[in-house]
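K.L.:
Could you build the full structure based on these sequences and the hints that come with them?
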Amino acid sequence: MLGSIIAFLVYLFIVTYLGYLGFKHTKNASDYLVGGRQIHPLIMALSYGATFISTSAIVGFGGAAGTLGMGLLWLTFLNIFVGIFIAFVIFGKRTRKMGHNLDAHTFPELLGNRFQSKFIQGFAGIIIFLFMPIYAAAVLKGGTDFIQSHFGITYEISLLFFAAVVALYVWMGGIKGVMYTDAFQGIIMFAAMVFLLIFTYNKLGGVVSAHEQLGALYQNADVQPQIEKMVKGGFRGWTNMPAWGTPIWWSLVTTIVMGVGIGVLAQPQLVVRFMTVKSNRELNRAVLSGGIFIIMMTGVAFIVGALSNVSFFSESGKIAIAAAGGNDKIIPVFIKTFVPGWFGIIFFLALIAAAMSTLSSQFHAMGTAIGRDFYQKSLQKKGNTILITRMSMLLAIILSVVLAFLANKLDASMQIIATGTALFFGLCAAAFLPAYLSALYVRNISTKAIIAGMIAGFSVGIFCIFFVHEKEAASLQLCNLLFDKTSIVKDTALAKLALVDPIIFSFPASVLTTIIGYFVWKNKLSEEHIKHCFGGI
Amino acid sequence: MIGIPDPAIWIGYVLAILSVIACIVYSVKNWNKSDDPAPDAPEREINWEKEEDKINEML
Numbered sequence: 001m002l003g004s005i006i007a008f009l010v011y012l013f014i015v016t017y018l019g020y021l022g023f024k025h026t027k028n029a030s031d032y033l034v035g036g037r038q039i040h041p042l043i044m045a046l047s048y049g050a051t052f053i054s055t056s057a058i059v060g061f062g063g064a065a066g067t068l069g070m071g072l073l074w075l076t077f078l079n080i081f082v083g084i085f086i087a088f089v090i091f092g093k094r095t096r097k098m099g100h101n102l103d104a105h106t107f108p109e110l111l112g113n114r115f116q117s118k119f120i121q122g123f124a125g126i127i128i129f130l131f132m133p134i135y136a137a138a139v140l141k142g143g144t145d146f147i148q149s150h151f152g153i154t155y156e157i158s159l160l161f162f163a164a165v166v167a168l169y170v171w172m173g174g175i176k177g178v179m180y181t182d183a184f185q186g187i188i189m190f191a192a193m194v195f196l197l198i199f200t201y202n203k204l205g206g207v208v209s210a211h212e213q214l215g216a217l218y219q220n221a222d223v224q225p226q227i228e229k230m231v232k233g234g235f236r237g238w239t240n241m242p243a244w245g246t247p248i249w250w251s252l253v254t255t256i257v258m259g260v261g262i263g264v265l266a267q268p269q270l271v272v273r274f275m276t277v278k279s280n281r282e283l284n285r286a287v288l289s290g291g292i293f294i295i296m297m298t299g300v301a302f303i304v305g306a307l308s309n310v311s312f313f314s315e316s317g318k319i320a321i322a323a324a325g326g327n328d329k330i331i332p333v334f335i336k337t338f339v340p341g342w343f344g345i346i347f348f349l350a351l352i353a354a355a356m357s358t359l360s361s362q363f364h365a366m367g368t369a370i371g372r373d374f375y376q377k378s379l380q381k382k383g384n385t386i387l388i389t390r391m392s393m394l395l396a397i398i399l400s401v402v403l404a405f406l407a408n409k410l411d412a413s414m415q416i417i418a419t420g421t422a423l424f425f426g427l428c429a430a431a432f433l434p435a436y437l438s439a440l441y442v443r444n445i446s447t448k449a450i451i452a453g454m455i456a457g458f459s460v461g462i463f464c465i466f467f468v469h470e471k472e473a474a475s476l477q478l479c480n481l482l483f484d485k486t487s488i489v490k491d492t493a494l495a496k497l498a499l500v501d502p503i504i505f506s507f508p509a510s511v512l513t514t515i516i517g518y519f520v521w522k523n524k525l526s527e528e529h530i531k532h533c534f535g536g537i
Numbered sequence: 538m539i540g541i542p543d544p545a546i547w548i549g550y551v552l553a554i555l556s557v558i559a560c561i562v563y564s565v566k567n568w569n570k571s572d573d574p575a576p577d578a579p580e581r582e583i584n585w586e587k588e589e590d591k592i593n594e595m596l
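One line per chain: the protein sequences are A and B, in this order.
Residue 253 in our numbering is what sits at position 253 of the first sequence, and the numbering runs on without skipping anything.
Just remember that our numbering sits 537 ahead of the position in the second sequence, which is counted from 1.
It is worth saying that the hints were derived from the structure and are not from the lab.
Please read these numbers as outputs of a predicted model, since none were measured by experiment.
We treat Cβ as the ideally placed atom computed from N, Cα and C, and that holds for glycine.
Treat each hint with caution, since some may be false.
[As the list claims (entries may be wrong)] Footprint (simulated), chain B over chain A, 3 or more residues, beta carbon under 8 Å:
hint	stretch
1	136–146
2	198–210
3	278–285
[What the hints assert, rightly or not] Listed next, the in silico DSSO-like pairs over lysine-lysine satisfying Cα-Cα at most 30 Å (straight line):
hint	chain 1	residue 1	chain 2	residue 2
4	A	Lys-531	A	Lys-381
5	B	Lys-566	A	Lys-93
6	A	Lys-531	A	Lys-377
7	B	Lys-591	A	Lys-531
[Claimed, not checked] Which residues of chain A face chain B? A few of them, derived with a C-beta cut under 8 Å, are:
hint	residue
8	Leu-12
9	Gly-215
10	Asn-240
11	Ile-295
12	His-364
13	His-532
P.N.:
What follows is the structure in structure tokens.
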């Protein structure tokens, strides 16, 4: 424990020092041009990657791979192809340029200024403020689960400790978007995951041998009783996709792979990263390090998560979820039990870094969502902006901690972290993605069409979360309270819909409404404004 | 392939690696390309940076 504390203090010192350096550099007008956004593409990519990947991805989704198997690697593919390649090349370049043309500093502001709509900026700000705490809570839970296993203390005390660390980090200035701090955190994460991959494959006798042992586990007579319930749900082993159309298949494909894989494109805290680079050349270069970084994060977490079953079984005769005592505990308990103690310290730091880099950008987004987007720009109020921004950020932190506390009361066999994260990503895809894509590529679309698409996607998403998708509706209880069942389609001919993730309905609803709106409503934005938006694009 | 029997899994595994290779190839091919027809005016950049700092100060 002493080693972890010392390592943590050193980490905190470096992070604070880097934050201080970052700000010192941009203090006078000429420095803005020289030191401002002349950020090395590696730093940009690491910063983007560290913001993208959190304890949710490593602990939450790594744990989901421990339960559901290597099918999660499809998410890794989407993380790289959509989350890096398409995000940087198709969205990033235009976002950077348009963001500067419109002097936009937040994602809602980009949309609001592009469509000259205070409503869009305020509406997007409110969605971010109200729903991003769910994602922040998932990140907090990932860190808390690890601290709990690493130090052997209760979840509640671990969460309090972690919340205190987050508060300290925010107070020390970590919240301010400093790329160097994020990049440093990214380096720690990268080093830890490289070691974890080599260690795990090596321990199991190499890549092919490790996969074969994992495949054989499904047939093992001692394993069969442990997975009986899962097999009924469609599970066919950790190296096989679940049976098509079964509850586990729907959960894996629609919630985990598609929800997060597509939703990443409209993540407010990631979009703003594109605006901070100086030219498209930096984005072109950042694609390289971004791709490598992401495969080493989610790729490794999902492979190790799935392979942990082999280690757990040979040690205790139990599969990972049973041995660890819950889906979200798989990665923490695996690290604690099987890797050398010194690596546990490095991994502890890597996870703190992963959580901090994501949380700081989330709190930044939630603070500005209320202070700048809603209060200052949408309501056109002037005074007290600083107070309102800080208070909303404090409220967001408290709300996230409370949600992380409540999340531990849910059924531990559920992929709680992954589900919470996917919920927010899916909602962002539905509410923002068609609007964002249109903002960048469709010159003559009307503001009304965008508003209609956003409202349709958001409303359908919320309705499905609260009343249709049983996984969430059952936990939220509102459906049970009003209709006395965990999903309104339960026990009806449409019962299967309760298994389908909301994104499957909400995203097409948003796309369709936007397209219909495009043909129905004439664009009223002036030609001059459109030219200004697309200047240099 | 690579000890994984189900193509639906190993294709995902291979695609993840191929997409990283695609990222590397794209990046190297476009390493020095700015493909920016009109770089930002210096004043606009300075103003953008100043506003960004103001927001950070607020937080």
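K.L.:
Starting from the hint list further up, note which numbers the structure goes against and sort them upward.
P.N.:
The structure conflicts with hints 1, 8 and 13, although it agrees with all the remaining ones.
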